[in-house]
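> Here are the chains, one letter per residue:
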Amino acid sequence: MSLRRWALVMTVLAAANLAVLLAGIMIGEFPVPMWEALKSVVGLGDPAYRFVIHELRVPRALVAFMVGAGLALSGAILQGLTRNPLAAPGVIGINGGAAALAVTAIVAIPTFPVAALPFAAFVGALAAALLSYALAWRRGSSPMRMLLVGVGIAASANAYITFWVTTRDINSVKQAMVWLMGSTYGRTWDHVWPLLPWLAILVPAALIMARRLDVLKLGDELAIGLGSAVERTRALLLLICVCLAGASVAMAGTIGFIGLMGPHIARQLVGSSSLRLLSASALCGSLIVMAADLLGRALWPPLEIPAGIITSALGAPYLIYLLYRNRRPG
Amino acid sequence: MNIRLTGLIAGGLLVLAALAASVALGKSMVPLGTVVDAFISFDGSREHLIVRSVRVPRALMAMMVGASLGVAGSVMQAISRNALAGPEMLAGSNGAALLLVVSMFLFGYTSSMIHVWAALLGAGLASLTVYVLGSLGGGMTAIKLILAGATINLLLASLVQGILIFSEQSLDEMRYWLAGSLTGGSMGMFLRVLPYMLAGLVIAIMASKQINLISLGEDVAQGLGLKVGLYKAGALLAVMCLVGGAVAIAGPIGFLGLAVPHIARFLVGLDYRWIIPYAALLGAALLLLADIGARFILPGEEISAGVVTAVLGAPFLIYLAQRKGG
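Those protein sequences? They're chains A and B, same order as listed. Numbered per this note's numbering, the first sequence spans residues 8 to 337. Numbered per this note's numbering, the second sequence spans residues 45 to 370.
Worth flagging that the hints you see were computed from the coordinates, not collected in a lab. Fair warning: there could be bad hints in the mix.
Unchecked claim - Pairs of lysine to any residue, SDA-like flavour, derived with a Cα cap of 25 Å:
#1 A:K224 to B:S179
#2 B:K188 to A:M151
#3 B:K188 to A:A242
Predicted model, so just to flag it, every value in this text is computed and none were measured.
My request is simple: use the sequences and hints to build the entire structure.
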């Protein structure tokens, strides 16, 4: 794939992101005309729309944007590390760990402040990832073993969640279920600001590491032969991957299949060279989550469908189709 | 040969003992003499009522569900030649759960034949999907199977959650069932499902010789003149009946179907003609014990048997995965 094609794809994706962002500002229970939406972006908006745009729609869309980018980028890194197209942050137990701690907080501690929920989720995600890294360690790390072990950790986390869900009061259980589903409902600037630094640091870090990821993709032996510090590079990339996914899950719950869909679509568009793939994945992911969020609000108002349900319902069939089309021996 | 047969008889006795314990133990202890009386000379007393309407059905359900899951797991591991296969890894449990939740959402909560068929169909479709996905591109490897399973499981679980979010009544009714519990199972449902589960058990045991051959490799089986396609279809049918039936009664009980075949293999070696009957007995005994444990682990509170099996089974999965991903 040529550089020009990559530049073209990136431009189109960025434009599509902006278009969905604009649509997200316009559409809703209180419609905003396009001209007003555009004006308010540059700060000249009618004060009548100010609250809806600035306090409700823009932060929510931004959270969706960042969460999507983070999850997709995390998935792309993990797929590169494991050289397996089905690897996703959810599979190595990140979602499970985040969900386990978040559900404990919601269900078991009624007074737990909602604002602190993301921190609990983040700690859970990190702990689960560390655990699967440690358990998979056998004379060196192996992302492949980590996937297998992660499935077990995810299953343990599920059993733990099930325990809380079956033994507690139905109202807090329902709240926990909505969180588990993954949604950007009611996200405000209080969610945007804590998330921003993570992405501002980790996205460039991931892009800088892209070339080393390319080397790792050649296989451990070749990478060592080329002078790559395999273990250190891999640990660093895994850390980036876990922090991106953990921060995203912490803010919006477990929105499914972004880590799989984003990179796959990006690979179709720009090929598999890491730098191009990672950058395009991030924009694909953000586009999907923003669109899913918008769709969830617009389909059956006033009912809101969590974005996570929409991404799962769309993502899984797409994934099955992809697997079927790309089947090849070996 | 004789040792294996003796072991089988011992297994049978273990199941009987666990059955008796499951009927007798609980919040109110019932002496075994009273249990017998409840059926011979029923006098309408509270204890007799407990035995006849709660304890005995629950014990029978645990026995059948455990046996079904153990056998289903063995058949899956034999056919896929993969130590990580099982009703939960092949997404059969979640498939049955999803279609059952959909059918309850549409047709109401009373037990009816539609629910049974929904569960059977769901188990079959989901297992087949994961099996096909996992063997795309020639040969099923552990990592392909487990990733395909995890993906489909994620999809099914989030669809179930999605449906439950829309209806608080469903959530309240279904959350215990979704945890894999034997408390809510109704005798009516049990009797409706029983023929399918028995059929599945009979198919699996009758075909155990052919399943054994397939577990040696499809080429070998074909070379020996076996109609591999036919027997694989039959095995899938059996798995469908077993998993669908088990989930319809007790919800998705985790990891029993994964762990039991390993224990059976440890006891009798690689011969599926013995593994399958052993797995039936072991599965029944283990679920009966897990269900008894669920009554006593937390004082004053019953947890669901599915949580007990998952807490014990998930570390086992991690252990297997550690050895596998070499």
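> Name the hints, by number, that the structure is in violation of.
The structure conflicts with no hint, since it agrees with every one listed earlier.
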